[in-house]
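A.B. asks: Read top to bottom, the protein sequences are chains B and L. Here the first sequence is numbered in the numbering used here, starting from 1 and rising by one per residue. Here the second sequence is numbered in the numbering used here, starting from 389 and rising by one per residue.
The hints are simulated quantities; they were obtained by calculation from the structure and are not laboratory data. Just so we're clear, the structure is a prediction, and the values are computed from it rather than from any experiment. A virtual CB, placed ideally from N, CA and C, is assigned to each residue, including glycine. Among these hints, one or two may not hold up.
What the hints assert, rightly or not - A few chain B residues facing chain L, derived, Cβ under 8 Å: (1) Ala285; (2) Leu289; (3) Leu291; (4) Ala296; (5) Leu320; (6) Leu379.
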Amino acid sequence: MTPSPYRLDDFDTLDDQAFRALVRAFLRAHYPADLRNPPKRLHWDEIRCWYMILSAHGWLAPGWPRAHGGMGLSAAKQLIYMEEFEQFGAARMPDHGIMLLGPLLIRYGSAAQQRAFLPRILSGEHIWCQGYSEPNAGSDLANVQTRAVLDGEEWVINGQKIWTTLAQDAEWIFMLVRTDPAARKQEGISFMLVPMNSPGVTVRPIVNLEMQDEFCEVFFDDVRVPRENLVGEINRGWSMAKALLGFERIFLGSPRQSANALDRLKLLARHVGCWGDPVFRDRYARLALDLADHKALYEHFADILRRAEPLGPEVSFLKLHQGELYQRITELMLEIGGEAAIGLEPIGGNRDLNPAGQFLASRAATIYGGASEVQRNILAKNVLGLPG
Amino acid sequence: MTSTEERLESVRMIRASAAGIADRADLGRIRKLRFSEAGFDRQVLQQMCALGWLGLRLSEDEGGSGLGMIEMCALAEALGAGLVPEPLIATALATRVLAAPEREAALEGRLLALPAWQEQAGDPYAPPSASVRQGRISGRKLFVPSARGADAFVVTAREGSFLVRADAPGVALEVVTLQDGSHAGTLVLDGVPAEALPGRIEAGLDDACLATAAYLLGLTDAVLERTVAYLAVRKQFGAVIGTFQALQHRSVDLKLQAVLARVSVEEAARLCDANEGAGDRRAAVSRAKARASDAALLVTRHAVQLHGGIGFTDECDIGLYLRKAMVLAPAFGGAAFHRSRYADLALDHAADPSAARAQTT
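My request is simple: use the sequences and hints to build the entire structure.
C.D. replies: Okay, here's the thing in structure tokens:
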């Protein structure tokens, strides 16, 4: 097999522009055409081929160090990688293993855990899902009640997770479990790795407002895993999980979702014939200005990452604004679409004219990854310094 | 262009020297100058000249400091935080246009020239209809800021920009007192001797507009800072009201608009200094002014509400911020004007999404 021209020993020898060009060329050369801009989150059997292409070229884990099989990219280049994938319309993969678990194991895992799990993420053998939320631990995530009790050399796990994205496709789940019910709630939580085929694990997909089964409930009834499946120190799971949220927060604030929606709003306005209407135009201009300023805000935080500085609590402004802007755009879609917009299928079967679908899809943007109300709580206390 | 480090340093120095004149904690001076004859203190303007602020954007050859919009915005922001009433932005706009001897006098504070360009309410960018015949200008100019304090006016006409002395025969000035305690003049010129100038006011309007946006940004941040501090001490129902989630969330929404105004102004200043394409630059200035005008009015309105009864009194400083925002929100074009200008500049030229997709697939 000839070596991939995209496999470099050190990506830092490329300047940012050359790296951007390389990412574009890679996507053009390898991305499966029929998977561009998919209207929904893809399942493993649909996206597997792309995952394996990235794996074969060593392009699966942009943020992991090279020693662990990652690309070893700087924060600046990770942003470029992410931006170009989004720009190209590449589908999101089942990336919890790559984005969240991998960095956590590299930082806190034992050598044995790193050896056992990291290569299998890179090979596509293990697809991971994330078990954080529970029925009574949503916005108040530290309230997780799923229990893990040590019985000899095994943990026995009982409880329930919910909103577990693509759990039906996963071989493994990494999860927050309560190991000390007596401690203050953040301090009794541990980080556990559990095979999804363990006896006692039950997965029930949930149909969401988009009529998709993207997320699931996962039930644990006397599920037994070896003692060494706990990552890091016992009762330190909360701070470990939180320490790795920085990149996720800028990812959830990317302007791409709103930019795509605004493009489609323009198409829809032309389709329904209101593009030249001055009242519509002013409303559209407001949204376009909001998006332009949102891009400037995104660049402000991206610059902080590029300088390799930590993101402060202010980054919550980004996620908060993106979710609400995306919703304002899709609300105007629904409004101008009128009767033509309310069919279950896109208008005339054109995926780009799907106001009702986008309106519904955007409802989730202010809920996942920390609801807007939680973001506001964080900002009030940690940025404005308000009491209580 | 100087390096990023050097520019950060010059911005730091401007902020430090601005703090001597713009006191964001004590608005006593500002309160006293309200509704006075000139509405500002000529001596303070003189000090600003001595600090080199009036010539900040002029080249060193022209007697200025050769700095860019990044520095000008940092200065205007500091002035806005202290509600400084001296008409620096307007004076700078007029001074840039002057010929060498008058420019020198203006930079030294001996000649106070103010710009008189606007003829239509609601459109500060409309071309002038005033005209000059045989060295004499006739026309009617609106909203000349702080006009009573001027020694001379820089007046736009179809033929270019002209210098008119304030005491020349044929000059009539009608003055309207504004909500912030300053005033604006309607300048009526009837065959007034006019001296042709090398520069044109129109070329500096976007800079003045962006500087006004930066002033509004400073004002917005300052009034929000005061309001949040008030929420953290005011007690009702046995609790500090800043602990109430309804008020916390509202404060966050106000801060979000201030944050967006900041990145918008900063990006526009960078684009101006980087000499980007004229269309992009103008669109960015419109974006910044639309955002800053709306944010200033939004935040000052809520600042009154969050202060409760005391916020509705003239004695409380919050009203000073509100009234200044009311006066500056429409200056150099209000939010609606700039949204519409942005739409004309940016919306139809933006790549058509369907075409873009067709190209890439």
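A.B. asks: Could you run down the list of hints and mark each one as holding or not?
C.D. replies: Here is how each hint holds up against the structure:
no.	hint	result
1	Ala285	holds, 4 Å
2	Leu289	holds, 6 Å
3	Leu291	violated, 10 Å
4	Ala296	holds, 4 Å
5	Leu320	holds, 7 Å
6	Leu379	holds, 4 Å
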